[in-house]
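What follows is each chain in one-letter form.
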Amino acid sequence: MATEVIAGQEISVDDEGFMTDPSEWSDDLAQALAKEISIDSLTEDHWKAIRFLRADYAEMGETATIRRVSTETGLTTKQLYELFPKKPAKKMAYISGLPKPTGCV
Amino acid sequence: MPKFDDDTDRKVSIILSKGTLDWATAMLVIGNAAVSEGIELHLFFTFYGLDAVLNKKMDHLKVTPLANPAMGMPNAIAALPGVTAMATSMMKKMMKKESVPDHRDFIQMVADAGGHLHVCRLTFDMFGYTKDDLYDEVEDVISAADFLNIADGGQIIFI
Numbered sequence: 001m002a003t004e005v006i007a008g009q010e011i012s013v014d015d016e017g018f019m020t021d022p023s024e025w026s027d028d029l030a031q032a033l034a035k036e037i038s039i040d041s042l043t044e045d046h047w048k049a050i051r052f053l054r055a056d057y058a059e060m061g062e063t064a065t066i067r068r069v070s071t072e073t074g075l076t077t078k079q080l081y082e083l084f085p086k087k088p089a090k091k092m093a094y095i096s097g098l099p100k101p102t103g104c105v
Numbered sequence: 001m002p003k004f005d006d007d008t009d010r011k012v013s014i015i016l017s018k019g020t021l022d023w024a025t026a027m028l029v030i031g032n033a034a035v036s037e038g039i040e041l042h043l044f045f046t047f048y049g050l051d052a053v054l055n056k057k058m059d060h061l062k063v064t065p066l067a068n069p070a071m072g073m074p075n076a077i078a079a080l081p082g083v084t085a086m087a088t089s090m091m092k093k094m095m096k097k098e099s100v101p102d103h104r105d106f107i108q109m110v111a112d113a114g115g116h117l118h119v120c121r122l123t124f125d126m127f128g129y130t131k132d133d134l135y136d137e138v139e140d141v142i143s144a145a146d147f148l149n150i151a152d153g154g155q156i157i158f159i
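Heads up: the sequence lines are chains X and G, in that order.
Numbering-wise (the working numbering), the first sequence opens with residue 1 and increments by one.
Numbering-wise (the working numbering), the second sequence opens with residue 1 and increments by one.
Read the hints as simulated data drawn from the structure, not as lab findings.
Idealized CB from N, CA, C, for every residue including glycine.
Hints are not guaranteed to be accurate.
[To be verified] Result set (DSS-like, lysine-lysine): computed pairs, CA atoms no more than 25 Å apart in a straight line:
id, chain 1, residue 1, chain 2, residue 2
1, X, K100, G, K97
2, X, K100, G, K11
3, X, K35, X, K100
[Said to hold, decoys possible] Where chain X lies over chain G, by a calculated footprint (3+ residues, C-beta under 8 Å):
id, region
4, 28-34
5, 57-65
6, 126-139
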């Protein structure tokens, strides 16, 4: 299993760089991960999505898709594409310390 | 860290020539995958595919087991009144179970994510439609040549 060092903390990651151990994640780490992918500060709306993703993963055992995040949090598709530009599904998962989503819709 | 590759110049264009729920959904699943990967997306609606962006028809797309051996129903039965409606209702239930949105919500979601919707000029004129008949998110009514210019340099998928 590969590891990476983000903001001085060693984290376990898969082949693509997504975290593999949710317990290594923290709010501070999320800020650091966000900076890594050019999201300089996490707003309330970012956190709304992140908190939902974390809770949903803990319950369902898989990463929520954009559609699911949108219907469950009330953040619109447009908002999610603005908050996590270009690749919202993967960026949300990355910052939340979860595997990339496998669902299509 | 993952390669997010935000500056990708990838482009996908999908032509929809069929007006049934199954094929329209196939277009939107691929299209949605494209936009969520940051890929530029163009959807081109032609012939019966236009039904997928007509205000009066888009909420009533159907799927039929007639002449569709994969659905496993003899044609003589598939042709009976009500069978298409029944098959459509079953398909919608199956899709809902997999969290696939209704067609209108799905196409809105792809448009909100930045997908571009184009309608075929020839079909539009041939069936005598007006701009008011078209779903709001349709950007323009363009010729086949215009479409090819837009799609140039990317991948084209024909459904």
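Hints, one by one, checked against the model:
1. K100/X x K97/G: Cα-Cα ~22 Å, so holds.
2. K100/X x K11/G: Holds: K100/X and K11/G sit about 22 Å apart, inside 25 Å.
3. K35/X x K100/X: 18 Å, holds
4. 28-34: holds (count 3)
5. 57-65: Coverage by chain X is violated for the region 57-65 of chain G (0 residues, Cβ < 8 Å).
6. 126-139: With 0 residues close enough to chain X, the hint is violated.
Of the hints listed earlier, those the structure fails to meet are numbers 5, 6, in rising order.
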